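So the sequences go chain by chain: A and B. FYI, our numbering numbers position 62 of the first sequence as 62, with every residue one higher than the one before it. FYI, our numbering numbers position 192 of the second sequence as 192, with every residue one higher than the one before it.
Since the hints were derived computationally from the structure, they do not count as laboratory data. Possibly wrong hints are sitting among the right ones.
[Said to hold, decoys possible] Pairs of lysine-lysine, DSSO-like flavour, derived with a Cα cap of 30 Å: (1) Lys40/A x Lys53/A; (2) Lys2/A x Lys59/A; (3) Lys26/A x Lys40/A; (4) Lys64/A x Lys19/A; (5) Lys41/B x Lys2/B; (6) Lys2/B x Lys22/B; (7) Lys19/A x Lys59/A; (8) Lys53/A x Lys26/A; (9) Lys110/B x Lys26/A; (10) Lys10/A x Lys59/A; (11) Lys40/A x Lys2/A; (12) Lys64/A x Lys51/A; (13) Lys40/A x Lys19/A; (14) Lys64/A x Lys10/A; (15) Lys10/A x Lys156/B; (16) Lys2/A x Lys51/A; (17) Lys10/A x Lys53/A; (18) Lys110/B x Lys40/A; (19) Lys110/B x Lys10/A; (20) Lys64/A x Lys156/B; (21) Lys110/B x Lys19/A; (22) Lys156/B x Lys19/A; (23) Lys64/A x Lys110/B; (24) Lys26/A x Lys10/A.
Note that the structure is a prediction, hence the values are computed from the model and not measured.
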Amino acid sequence: MKARVTVTLKSGILDPQGKAIEGALKSLGVDGVASVRQGKVFDIELAATDKAKAEAALKAAADKLLANTVIENYRVEVLS
Amino acid sequence: MKSAVLVFPGINRERDMARALKLASGNETAMVWHAETALPKGTDLVVVPGGFSYGDYLRCGAIAARAPVMDAVRDFAASGGLVLGVCNGFQILCESGLLPGVLMRNAGLKFVCRDVHMKVERSDTPFTRGYNAGQVIRVPVAHGEGNYEADEETLKRLEGDGRVLYRYCSAEGVVDEASNFNGAAHSIAGIVNERGNVLGMMPHPENHVEEIMGCTDGRGLFAGLVQQFEKAA
Numbered sequence: 001m002k003a004r005v006t007v008t009l010k011s012g013i014l015d016p017q018g019k020a021i022e023g024a025l026k027s028l029g030v031d032g033v034a035s036v037r038q039g040k041v042f043d044i045e046l047a048a049t050d051k052a053k054a055e056a057a058l059k060a061a062a063d064k065l066l067a068n069t070v071i072e073n074y075r076v077e078v079l080s
Numbered sequence: 001m002k003s004a005v006l007v008f009p010g011i012n013r014e015r016d017m018a019r020a021l022k023l024a025s026g027n028e029t030a031m032v033w034h035a036e037t038a039l040p041k042g043t044d045l046v047v048v049p050g051g052f053s054y055g056d057y058l059r060c061g062a063i064a065a066r067a068p069v070m071d072a073v074r075d076f077a078a079s080g081g082l083v084l085g086v087c088n089g090f091q092i093l094c095e096s097g098l099l100p101g102v103l104m105r106n107a108g109l110k111f112v113c114r115d116v117h118m119k120v121e122r123s124d125t126p127f128t129r130g131y132n133a134g135q136v137i138r139v140p141v142a143h144g145e146g147n148y149e150a151d152e153e154t155l156k157r158l159e160g161d162g163r164v165l166y167r168y169c170s171a172e173g174v175v176d177e178a179s180n181f182n183g184a185a186h187s188i189a190g191i192v193n194e195r196g197n198v199l200g201m202m203p204h205p206e207n208h209v210e211e212i213m214g215c216t217d218g219r220g221l222f223a224g225l226v227q228q229f230e231k232a233a
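Generate coordinates for the entire structure from the input sequences, incorporating the hints supplied.
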């Protein structure tokens, strides 16, 4: 079973890397970029075949390690 | 004072720390591997040193914070034992939940490696008793992620309870934007937990303890800790 965990900074948290990327896009002449927030994507393969169990495991993984919930939000998706 | 320095893969300041501790206490320092599940018997102080544990993968300190030895450190802290985290050690303590908040990328995005000044906010703690309140000391920093951030509520509590022990300042002791080189909230360089027995700080006092280093301003921290245990004994 394939899954994806997306970790993003909470709104209001300063994101200097996102700001730098935003500046670079503007200097490249990419039009209409209002703002950029960067984050992380984890593509995970699971042995489980039960969707609910897989989601529970992914949530545990995100809470325990993948995200720092002080500053980050995460989203869990089971892809197939 | 019997100290234990934790060793994680990718840590690189553990020997500097052990040397500074020996210089201050006269005792050999135990080096404790991350896979250990217990601290040496009779440990007075646990130090989480600086470096780049696990290559700073995922988030600085995130993986080290989940190492087996950290459960022993949590128990040690819960029983009132003193814990000091420096640089990556501070990041590890935040990630492990022993300290609130988080160390974000420096506001200027650059890795900063130079001497800075910080003000000792109070002298009535085990981690600052070697200094006078208000004293300005010069210490080296070397980090890319030292920008301390926490939610408003947490910052208010830290300030209200006097838990900010060290704050970045100018050589004259003025806390201002110019001296806050990494953009930390409230110019925070070091904080303690609620109980006051766990300190995390970004600067490296262990690198300013001998004449040959060009400055000995870091000695006070270690001398103070040693005094703490002499007093207790």
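Fill in: 30 Å limit on alpha-carbon distance, applied to hinted pair Lys110/B and Lys10/A
holds (22 Å)
Practice prompt. Mind checking the alpha carbons of Lys2/A and Lys51/A for me, to see if they're no more than 30 Å apart?
Written response: holds (10 Å)
Fill in: Pair hint outcome, Lys53/A versus Lys26/A [Cα-Cα no greater than 30 Å]
Distance ~43 Å between Lys53/A and Lys26/A Cα, so the pair is violated.
Worksheet item: For the pair supplied as a hint, Lys64/A and Lys10/A, is the alpha-carbon distance within the 30 Å limit?
Response: Between Lys64/A and Lys10/A the Cα gap is close to 17 Å, so the pair holds against 30 Å.
Discussion item. Between the alpha carbons of Lys19/A and Lys59/A, is the straight-line distance 30 Å or under?
Written reply: holds (29 Å)
Practice prompt. Measure nothing beyond the straight line between the CA atoms of Lys64/A and Lys110/B; if it is 30 Å or shorter, mark the hint as holding.
Written response: holds (29 Å)
Worksheet item: Hey, Lys10/A versus Lys53/A, does the alpha-carbon distance stay inside 30 Å?
Response: holds (26 Å)
Discussion item. Just to be careful, I want the Cα atoms of Lys2/A and Lys59/A compared with a cutoff of 30 Å; is the pair within it?
Written reply: holds (14 Å)
Discussion item. Holds or violated: Lys40/A and Lys53/A, Cα atoms, limit 30 Å.
Written reply: Holds, at about 23 Å.
Worksheet item: Keeping to a limit of 30 Å between CA atoms, is the pair of Lys110/B and Lys26/A held or broken?
Response: Holds, at about 21 Å.
Worksheet item: Is Lys64/A close enough to Lys156/B, meaning Cα to Cα at most 30 Å?
Response: holds (27 Å)
Fill in: Distance restraint between Lys156/B and Lys19/A, which requires alpha-carbon spacing of 30 Å or less
holds (27 Å)
In summary, the one numbered hint that this structure violates is 8.
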